[in-house]
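Work the whole structure out from these sequences, hints included.
There are 2 protein chains.
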Amino acid sequence: MKVLVLGAGQLARMMALASKPLNIDVRAYDVGSAQVVDPLSPSVSYGSLAEGITFADFITAEFEHISYDVLAMCEASGKLFPSSQSIKTGGDRRLEKVLLEGAGIANAKHKVVSTKADFDAALNILTLPLILKSALAGYDGKGQWRLKDKSEADAIWQDIQAFIEGDTSGQSQAIVVEQMVPFDREVSMVGVRSITGETFAYPLTENHHSKGVLSVSLAINEHQALQAQATDAFDKIAKGLNYVGVLAIEFFQVGDSLLVNEIAPRVHNSGHWTQQGADTCQFENHMRAVCQLPLGSTTLVRPTAMINILGADSVPNSILDIPSVTLHWYGKTKRAGRKMGHINVCGQDRIELINRLTQLAEILPKEDFPDVGEYINSL
Amino acid sequence: MKVLVLGAGQLARMMALASKPLNIDVRAYDVGSAQVVDPLSPSVSYGSLAEGITFADFITAEFEHISYDVLAMCEASGKLFPSSQSIKTGGDRRLEKVLLEGAGIANAKHKVVSTKADFDAALNILTLPLILKSALAGYDGKGQWRLKDKSEADAIWQDIQAFIEGDTSGQSQAIVVEQMVPFDREVSMVGVRSITGETFAYPLTENHHSKGVLSVSLAINEHQALQAQATDAFDKIAKGLNYVGVLAIEFFQVGDSLLVNEIAPRVHNSGHWTQQGADTCQFENHMRAVCQLPLGSTTLVRPTAMINILGADSVPNSILDIPSVTLHWYGKTKRAGRKMGHINVCGQDRIELINRLTQLAEILPKEDFPDVGEYINSL
Numbered sequence: 058m059k060v061l062v063l064g065a066g067q068l069a070r071m072m073a074l075a076s077k078p079l080n081i082d083v084r085a086y087d088v089g090s091a092q093v094v095d096p097l098s099p100s101v102s103y104g105s106l107a108e109g110i111t112f113a114d115f116i117t118a119e120f121e122h123i124s125y126d127v128l129a130m131c132e133a134s135g136k137l138f139p140s141s142q143s144i145k146t147g148g149d150r151r152l153e154k155v156l157l158e159g160a161g162i163a164n165a166k167h168k169v170v171s172t173k174a175d176f177d178a179a180l181n182i183l184t185l186p187l188i189l190k191s192a193l194a195g196y197d198g199k200g201q202w203r204l205k206d207k208s209e210a211d212a213i214w215q216d217i218q219a220f221i222e223g224d225t226s227g228q229s230q231a232i233v234v235e236q237m238v239p240f241d242r243e244v245s246m247v248g249v250r251s252i253t254g255e256t257f258a259y260p261l262t263e264n265h266h267s268k269g270v271l272s273v274s275l276a277i278n279e280h281q282a283l284q285a286q287a288t289d290a291f292d293k294i295a296k297g298l299n300y301v302g303v304l305a306i307e308f309f310q311v312g313d314s315l316l317v318n319e320i321a322p323r324v325h326n327s328g329h330w331t332q333q334g335a336d337t338c339q340f341e342n343h344m345r346a347v348c349q350l351p352l353g354s355t356t357l358v359r360p361t362a363m364i365n366i367l368g369a370d371s372v373p374n375s376i377l378d379i380p381s382v383t384l385h386w387y388g389k390t391k392r393a394g395r396k397m398g399h400i401n402v403c404g405q406d407r408i409e410l411i412n413r414l415t416q417l418a419e420i421l422p423k424e425d426f427p428d429v430g431e432y433i434n435s436l
Numbered sequence: 058m059k060v061l062v063l064g065a066g067q068l069a070r071m072m073a074l075a076s077k078p079l080n081i082d083v084r085a086y087d088v089g090s091a092q093v094v095d096p097l098s099p100s101v102s103y104g105s106l107a108e109g110i111t112f113a114d115f116i117t118a119e120f121e122h123i124s125y126d127v128l129a130m131c132e133a134s135g136k137l138f139p140s141s142q143s144i145k146t147g148g149d150r151r152l153e154k155v156l157l158e159g160a161g162i163a164n165a166k167h168k169v170v171s172t173k174a175d176f177d178a179a180l181n182i183l184t185l186p187l188i189l190k191s192a193l194a195g196y197d198g199k200g201q202w203r204l205k206d207k208s209e210a211d212a213i214w215q216d217i218q219a220f221i222e223g224d225t226s227g228q229s230q231a232i233v234v235e236q237m238v239p240f241d242r243e244v245s246m247v248g249v250r251s252i253t254g255e256t257f258a259y260p261l262t263e264n265h266h267s268k269g270v271l272s273v274s275l276a277i278n279e280h281q282a283l284q285a286q287a288t289d290a291f292d293k294i295a296k297g298l299n300y301v302g303v304l305a306i307e308f309f310q311v312g313d314s315l316l317v318n319e320i321a322p323r324v325h326n327s328g329h330w331t332q333q334g335a336d337t338c339q340f341e342n343h344m345r346a347v348c349q350l351p352l353g354s355t356t357l358v359r360p361t362a363m364i365n366i367l368g369a370d371s372v373p374n375s376i377l378d379i380p381s382v383t384l385h386w387y388g389k390t391k392r393a394g395r396k397m398g399h400i401n402v403c404g405q406d407r408i409e410l411i412n413r414l415t416q417l418a419e420i421l422p423k424e425d426f427p428d429v430g431e432y433i434n435s436l
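Here the protein sequences come in this chain order: A and B.
Letter by letter, the first sequence follows residues 58 to 436 in this note's numbering.
Letter by letter, the second sequence follows residues 58 to 436 in this note's numbering.
Accuracy of the hints is not assured; some may be wrong.
Note that the list lumps identical chains together, so a pair holds whenever it fits in one copy or between two copies.
Stated by the list, open to error - The calculated lysine to any residue pairs, modelled on SDA-like cross-linking and capped at a C-alpha distance of 25 Å, are: (1) Lys-136 <-> Leu-421; (2) Lys-391 <-> Asp-82; (3) Lys-423 <-> Pro-351; (4) Lys-59 <-> Lys-391; (5) Lys-166 <-> Glu-263; (6) Lys-168 <-> Asp-82; (7) Lys-389 <-> Asp-114; (8) Lys-166 <-> Asp-82; (9) Lys-59 <-> Gly-388; (10) Lys-59 <-> Ser-100; (11) Lys-145 <-> Leu-436; (12) Lys-59 <-> Thr-390; (13) Lys-391 <-> Phe-112; (14) Lys-59 <-> Val-94; (15) Lys-423 <-> Gln-92; (16) Lys-59 <-> Gly-368; (17) Lys-190 <-> Gly-200.
The hints are simulated quantities; they were obtained by calculation from the structure and are not laboratory data.
Here it is in structure tokens:
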């Protein structure tokens with residue numbers, strides 16, 4: 058079996074690593090160079106997307122911000138899973154909101170804004186504080202503004218206007234203005250859906266962010282009611298998209314209720330713990346779904362957490378002395394804040410896991426992991 | 058970190074897969090073509106061993122039947138782990154027996170035989186039935202004879218003589234004549250030793266062979282006395298060799314005692330279950346030892362078994378419906394009896410594992426897995 062992944066970053070790399078044992082040959086389309094590469098070596102496989110499409114039995118994506126031209130070419134081949142509509146919905150907050158509203162899934166109160174008049178109208182309807190997010194190409198905290206006081210509105214609108222005018226994607230940009238949700242914590246669910254509509258959801262994950270970027274994920278398996286609520290949302294969203302593959306949903310937890318923050322039509326950073334903590338990892342399950350193989354069990358094997366390595370290209374070797382610690386480097390060049398790798402760690406029970414996380418936090422340098430210790434101490 | 062593996066088969070491939078997340082770049086020296094290749098792609102990296110040695114920070118091996126010239130070249134670079142002496146000992150039953158006797162480790166009563174006169178003398182000292190094994194280049198049942206009755210001795214000697222004369226290795230061949238051990242079962246231990254002498258042993262594995270080739274392995278964690286006995290043998294043998302890396306020891310179990318059958322100075326087929334069943338898999342632990350990183354915990358995560366795929370290049374997809382079943386193909390061309398891949402399966406406890414093994418045996422075709430069902434039913 059041969060699979061082309063749109064995007065050639067760490068997610069394509071980890072898909073390729075999970076695919077080798079299944080004899081699935083994965084190549085990645087690098088949108089920057091417009092070449093098809095081997096995600097496990099620096100070698101170029103094909104010089105064009107068209108050749109990559111011909112090579113592949115199936116095509117999938119590692120990110121949602123893909124030009125519509127590329128998606129159209131792939132979809133025309135009949136090999137693209139999930140569909141271009143699923144990918145576009147993940148990449149456009151307007152489509153995402155329409156999907157959530159249509160499926161009756163709780164999410165933050167919001168308005169779509171394109172003009173100053175829309176913006177002023179939204180300010181009159183919504184309750185401050187607000188979070189303003191670009192409809193397209195916003196992730197990891199980019200293209201986001203916070204409005205706490207009406208006096209800041211004009212200055213923020215000028216910023217937004219410059220942002221919209223600077224958009225060179227050729228697609229129509231807009232802003233989704235949302236009421237800030239006073240959430241207790243952020244959780245996410247990664248799940249997988251087959252072409253026949255079968256779904257399996259992984260246990261919910263508690264996510265700790267730092268400056269808008271995921272820092273620590275912790276698989277939580279002890280809240281059956283929350284798990285059921287999230288699974289219901291997952292099933293509705295995945296069905297609404299006629300989705301094939303792994304899909305991630307980020308939620309705000311407020312009391313005992315979950316509100317969808319956003320969806321990602323792909324394997325997700327908050328699911329990296331599944332490499333060591335689940336019966337089948339998210340990368341293998343995505344490939345199983347895309348290649349129309351049976352889905353794998355998503356059962357938690359043992360409590361597991363993940364720590365992102367951001368902007369650092371080394372960690373002390375002594376972390377490998379801690380049992381069950383697994384290092385996952387992405388082979389990327391160091392850049393401030395860049396996702397360079399992650400660390401997975403497991404324990405037979407939550408207490409052992411937290412002990413090991415505490416040991417990790419003591420070893421990891423504060424300058425590279427500024428808030429990890431504080432979060433772990435709060436567990 | 059860059060590692061050259063001597064040998065370019067499935068063990069090098071699985072070492073490379075386990076090494077990618079650690080940012081360890083693995084290349085493999087294919088002794089057939091005398092080229093250095095990328096074990097994860099068909100590409101040739103270097104045209105000669107010398108270039109491969111220059112590329113590498115460390116050198117290791119996936120098999121023990123390597124020409125002494127190659128070993129000498131690698132050892133001269135100061136990068137070879139384990140040492141050439143360790144590799145040679147695994148590849149020569151004479152050296153192996155000297156090591157075991159020297160360390161006072163129980164093994165089958167035996168004589169080394171080079172001439173008809175040696176052979177006749179051995180027949181007078183040892184008790185039938187006997188197993189005769191070539192000192193060099195014997196594995197998976199090749200270069201082995203069984204002598205049950207003295208009347209067969211002349212015919213077998215003629216066979217052996219032809220075998221010795223046909224040896225083109227340039228090394229002195231001989232036969233180790235051993236008393237057959239009336240064993241209850243075959244078990245093995247895989248363990249790892251660091252350059253500083255630290256050792257970690259995995260749980261013992263029960264091995265079921267079919268026609269001399271490993272068919273099923275089952276991690277067994279419930280016999281503390283046996284585990285202690287095997288660990289003691291492992292520590293003595295590894296220390297005797299001043300070993301660095303993963304080392305496997307095959308034992309005959311007779312009652313509550315273990316006799317060493319043979320050692321393998323490398324990752325081992327009976328340790329493949331560690332990919333899903335242990336805190337750190339044998340491939341990663343070998344690389345950690347060779348690259349002088351901290352060793353990983355060898356703790357059993359949950360009961361796990363492995364089934365070899367021999368001579369078949371497909372299995373029914375429906376085995377992937379069984380939770381925790383993981384397929385590992387080696388990407389090799391099909392040939393009768395060839396090791397093509399393996400299947401790992403886990404359970405939260407032994408009962409769940411055996412239930413899943415039973416489901417597997419019902420799906421796997423009898424023609425490709427002739428004796429697996431019978432063995433699993435016997436558990």
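So, going through the hints one by one against the coordinates:
When the C-alpha separation of Lys-136 and Leu-421 is checked against a cutoff of 25 Å, the pair qualifies neither within a copy, at 43 Å, nor between copies, at 30 Å. Within a single copy, Lys-391 and Asp-82 get their C-alpha atoms only as close as 28 Å, which misses the 25 Å cut-off; across copies the closest is 18 Å, which meets it. When the C-alpha separation of Lys-423 and Pro-351 is checked against a cutoff of 25 Å, the pair qualifies only between copies, where the shortest distance is 22 Å, while the shortest distance within a copy is 43 Å. Taking CA atoms no more than 25 Å apart as the test, Lys-59 paired with Lys-391 passes between copies only; the shortest distance there is 19 Å, against 31 Å inside one copy.
Proximity of Lys-166 to Glu-263 under the C-alpha cut-off of 25 Å is restricted to the intra-copy arrangement: shortest distance 23 Å within a copy versus 60 Å between copies. Taking CA atoms no more than 25 Å apart as the test, Lys-168 paired with Asp-82 passes in neither setting, with 44 Å inside one copy and 50 Å between copies. In this assembly of identical chains, the alpha carbons of Lys-389 and Asp-114 lie at most 25 Å apart only when taken from different copies (20 Å versus 28 Å within one copy). Neither within a single protomer nor between protomers do Lys-166 and Asp-82 lie at most 25 Å apart by alpha-carbon distance, with minima of 44 Å and 49 Å respectively.
In this homomeric assembly, Lys-59 and Gly-388 come within 25 Å of each other (Cα to Cα) both inside a single copy, at 23 Å, and across copies, at 13 Å. Taking identical chains as interchangeable, the C-alpha atoms of Lys-59 and Ser-100 lie at most 25 Å apart whether they share a chain (17 Å) or sit on different chains (18 Å). With identical chains, the CA atoms of Lys-145 and Leu-436 are never at most 25 Å apart, being 36 Å at best within one copy and 52 Å at best between copies. Proximity of Lys-59 to Thr-390 under the C-alpha cut-off of 25 Å is restricted to the inter-copy arrangement: shortest distance 17 Å between copies versus 28 Å within a copy.
Taking the shortest Cα distances, Lys-391 and Phe-112 sit within 25 Å of each other only across copies (23 Å), while inside one copy they are farther apart (32 Å). For a Cα distance limit of 25 Å, the shortest separation of Lys-59 from Val-94 qualifies both inside one copy, at 13 Å, and across copies, at 21 Å. Proximity of Lys-423 and Gln-92 under a CA criterion of 25 Å is satisfied in neither setting, with 39 Å inside one chain copy and 45 Å between copies. In the homo-oligomer, the alpha carbons of Lys-59 and Gly-368 lie at most 25 Å apart only across protomers (23 Å), although the nearest pairing inside one protomer, at 33 Å, exceeds that limit.
Taking the shortest alpha-carbon separations for Lys-190 and Gly-200, only the intra-copy value of 6 Å comes in at or below 25 Å, while the best inter-copy value is 71 Å.
The structure shown violates the earlier hints numbered 1, 6, 8, 11, 15.
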